[in-house]
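Chemist: Sequence:
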Amino acid sequence: MQVIVTITPITTPLFAPVAPFCAGTTPPVLPTTSQNGITGTWSPATVSNTVGGSYTFTPDAAAGPCVSPAVIQVSVTTPITPTFTPIAPLCSGTTAPVLPTTSLNGITGTWTPSTVNTTNSGTYTFTPTAGQCVSTTPVQISVVVTPLTTAAFDPIGPICAGSTAPVLPTTSLNGITGTWSPSVIDNAVGRAYTFTPDAGQCTTPTPIPIFVTVSPLITPTFNPIASFCSGTTAPLLPTTSLNGITGTWSPATVDNTATATYTFTPTTVAGQCAATSTINVTVLPRAEPDFEDLSFCENQGGYMLRNQSPNGIVGTWSPTVINFVTGGNYTFTPSAGQCASPQTISVTINSSSLTDFTWEVSEPFADKPTITVTPNTPGNYLYQLDGGSPQTSNVFENVSSGFHTVQVRDANGCSDVLIKDDILVITYPKFFTPNGDGYNDTWNIRDLFLQRNSKIYIFDRYGKLLKQIFPFQSGWDGRYNNNDMFSDDYWFVVEYEYNNTMRQFRSHFALKR
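Every position in the sequence shown, counted from 1, becomes a number in the numbering used here once 67 is added.
In short, the hints are calculated from the structure, not lab data. Hints are not guaranteed to be accurate.
Distance ranges between label pairs, derived from CB positions [claimed, not checked]:
1) Gly503 x Lys531: 44 to 54 angstroms
2) Tyr529 x Thr439: 39 to 49 angstroms
3) Gly455 x Tyr529: 54 to 64 angstroms
4) Val251 x Thr307: 20 to 30 angstroms
5) Thr286 x Ser250: 30 to 40 angstroms
6) Pro283 x Thr345: 12 to 22 angstroms
Computed from a predicted model, the values in this text were never measured in an experiment. Note that the Cβ used here is the ideal one computed from N, Cα and C, for glycine as well.
Using the sequences and the accompanying hints, generate a full structural model.
Modeler: Printed below as a string of structure tokens:
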């Protein structure tokens with residue numbers, strides 16, 4: 068027997084693919100009959116509009132056993148939020164940026180308003196083009212428009228010429244930075260300075276000028292201070308000048324003893340532009356009357372005190388008349404209006420009782436002969452020898468040999484001049500020159516010529532007697548036995564009388580050819 072077996076192929080339900088859709092939108096309806104006529108049911112039965120997934124189609128039983136289930140995939144697309152680069156704040160009046168019609172993440176669309184307004188800040192809304200999976204939340208961009216500002220500065224008040232100039236600020240009171248031209252204030256002349264804001268600030272593009280006034284310095288003026296006498300009350304220095312400048316002085320007070328220069332420094336106050344100035348104050352030194360102390364002889368009289376000093380100062384005396392008995396102190400007071408000091412002089416009244424004097428001569432043949440004079444009373448005397456210069460010492464030294472005249476008088480002229488002659492100083496010549504020239508040709512001790520009993524013996528160096536002579540004769544001519552003696556030292560012995568006693572003196576002298 069033959070069996071015939073029939074094999075039926077498996078049939079799969081066919082469906083059109085489900086296009087992806089945006090989450091949240093109406094999901095598509097799954098068909099209950101496939102494209103090849105198979106009916107059935109889906110699991111899950113409806114499409115989710117939030118997440119994608121797999122959906123299984125189960126054929127009805129009537130389709131027979133030879134129909135298999137079918138599975139389709141459904142994709143749910145997440146909506147995109149358009150993103151844009153923020154628009155930086157704009158300065159009012161600048162060129163408006165163009166709003167992009169495609170977002171950074173590829174979403175196309177349009178804007179409302181469509182263009183940026185550069186006069187006011189505003190919000191701009193992006194509407195995506197239909198058919199794009201875009202978030203339904205509106206996308207907006209805020210554009211800030213900053214109004215233009217003008218740099219503001221505190222005014223710079225007038226400055227004084229030569230003073231320290233203020234520094235120009237590089238940032239305005241409202242925060243605008245920039246530069247100045249010129250960059251430094253000139254402290255000598257007034258002028259305008261222009262501020263140019265730095266780029267990138269919402270400022271008025273026009274440069275901003277500021278004028279700085281430079282005031283010239285005023286020189287304080289003062290009345291001159293008259294000269295005044297040293298030691299008088301000093302004048303006060305004024306603290307305000309004739310042209311209204313206040314200030315201080317250095318030194319602060321006038322010295323009433325010396326001429327000096329005083330410097331006026333103006334006070335630093337607003338609105339006062341002044342230079343330093345100086346004033347000279349002359350202090351006249353007090354002249355000293357140049358009277359000299361006076362000396363008179365007792366009861367002399369005949370002298371009146373003068374009312375004008377030798378250096379021209381006029382004044383009065385107290386007492387006014389000299390007492391020629393007692394003398395004393397007399398004060399001269401300068402008259403008013405003269406820069407002079409009082410002066411007191413001493414008037415001395417001198418008396419003298421000089422009527423005589425004695426004298427004493429040093430020993431004969433002394434090396435340095437002297438004459439000592441002794442007045443009969445102590446006093447202040449002047450002494451003269453042979454009409455020479457007066458001296459206050461009563462001793463004349465190194466007196467030459469021979470006769471002399473001595474005068475004595477009171478130093479103040481209060482006595483007669485006393486004169487004594489024939490005061491003999493005895494000495495001997497130290498040499499002689501027998502050369503026939505008529506000068507010093509013989510040797511003798513002529514100071515003894517009045518002593519007839521005096522004798523002189525002359526020896527050579529070996530003690531040989533060469534000659535005996537007498538002081539009243541011509542003397543030795545340097546010869547022995549009619550022969551000239553050689554230049555040499557020769558010795559002598561003299562016998563003479565002194566104070567009524569005979570004496571002897573021995574020494575030597577030189578013969579020079």
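Chemist: If a hint holds in the structure, say so; if it does not, say that too.
Modeler: Here is how each hint holds up against the structure:
| no. | hint | verdict |
| --- | --- | --- |
| 1 | Gly503 x Lys531: 44 to 54 angstroms | 25 angstroms, violated |
| 2 | Tyr529 x Thr439: 39 to 49 angstroms | 40 angstroms, holds |
| 3 | Gly455 x Tyr529: 54 to 64 angstroms | 44 angstroms, violated |
| 4 | Val251 x Thr307: 20 to 30 angstroms | 35 angstroms, violated |
| 5 | Thr286 x Ser250: 30 to 40 angstroms | 32 angstroms, holds |
| 6 | Pro283 x Thr345: 12 to 22 angstroms | 19 angstroms, holds |
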